[in-house]
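Engineer: Sequence:
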Amino acid sequence: MKRILFSMVLIGLMAFTANLILNSPAQTNTNDGNGTFCGYLSSEPANLDPARGVDVNEANVQAKVFDGLVRYDESMKLVGNLAESWTVTTDGKEYVFKLREDVFFHNGQKMTAADVVFSLDRLLDPEVASPRTWVLEKVEGAAERIKGTSPKVAGINQLDEFRVAIRLVSPFAPFMSLLTMPACYILPHQSSATIKDRSFFEKPFGTGPFKIVDRVRDSYIRLQANNGYVGAARPQLAEIELRIIPENMKAEMEFESGNLDLLQLYPSNYQRFRSDPDHQARVHDVPAMNVFYVGFNNQKAPFNDVRVRKALNMLIDRDKIINAVYQGRAVAAKGSIPPGILGFNKEAKGYEYNPEEGLRLLKEAGFNKKNPLSFEIYQKSAQAAFEITRLIQGELKKHGVNVSLKPMEWSALKDSINKGEAPAFYLSWFGDYPDGENFLYPLFHSNNW
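Under the numbering used here, think of the first position of the sequence shown as 1, with each following residue one higher.
In case anyone wonders, no lab produced these hints; they're calculated from the structure. Hints are not guaranteed to be accurate.
Said to hold, decoys possible - Below, computed lysine-lysine pairings styled on DSS-like, alpha-carbon distance capped at 27 Å:
hint: 1; residue 1: Lys398; residue 2: Lys320
hint: 2; residue 1: Lys310; residue 2: Lys419
hint: 3; residue 1: Lys147; residue 2: Lys300
Only a predicted model underlies this, so the values are computations on that prediction, with no experimental measurement involved.
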């Protein structure tokens, strides 16, 4: 079967630099360990199993309940978490982690190397069917474990009660970054029976700074501080209550009524809060690791012609879109790696807005007023997507290019892209960890066609 190849072409691609949050004037939280913080999730976290989770809301909860061997601190520096130290062999293939000896799960069980081996091996267990096996695929014996031809991962071994060795097939510089991901969070091996039947994950417990004390699906999750937590980021709150609020308008209403301590702002409502004297001082811009792009199916006309792809890049005034939608809180990308991430090239030229050259390339490719370029952009049925794609549609219309928008439900959109049915599509990529490899391999490597 012929492979379908996509090009994540930098048409209108932006590195969005502001996740916008607004703290409530009626905040109940303090930093003395006694307050309650009221936040919300945009959807019910259907899966709190770190090995199976793929959703941002799921990871939001998992990160409070579980820990990994290592983590990134606030400066994006890799630091120890459950591992207090580690060594790497000179060939770059084997990592030996020395675990902390003072860590306990929420139920009082002591965390040991057996828990680490159990959790990492479980990620590759074919019966678990994790969508995140790629996180450990470079470990020796991972392929055999995934296929079910080996009962354990050869490259993950317990050396003693508090030391674990992980051996790779070949050196891989970002490997430590992969270990920070939720998929590598550590579970208690003593609970393997309930973990296997998945009942454990209704109210899971780990070693993290908070523990789940109450949960009503599609309503809320209540977490309580783990007073025995020994990590660096110790809880400064007694409780966190996360309500499930899918509708942005309802979240705004709840926030303005004083029932939420945090509200994520979007382009559609940012200016209203920023210009309100009662709110403007409480708006906080936070840099984000994400890019927004239009992808082209390079295997089908007209996008199998590089001149068409280049031309469309040159016909989009990305700065105009940034100013109109994000009020300047983004930068036009000149590559797939956002600023501030290892691998970002500040010298990269990228495509400049140049309609004259763009139209020349289209004419050379056979498109003109009598034979205009026309195509569809597949996208999510979401307001945030329309705010961008309608501007792209309008920009290209000015130059005689006809674009129609095809909104779809998220799973149907992914399916259409994977099957090669979408000629062009609007998507975003949020980095899993701050390394350029995570913006290159998942989007551009031929294994991920």
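Engineer: Can you name, in rising order, the numbers of the hints this structure does not satisfy?
Structural biologist: Of the numbered hints, just 3 does not hold.
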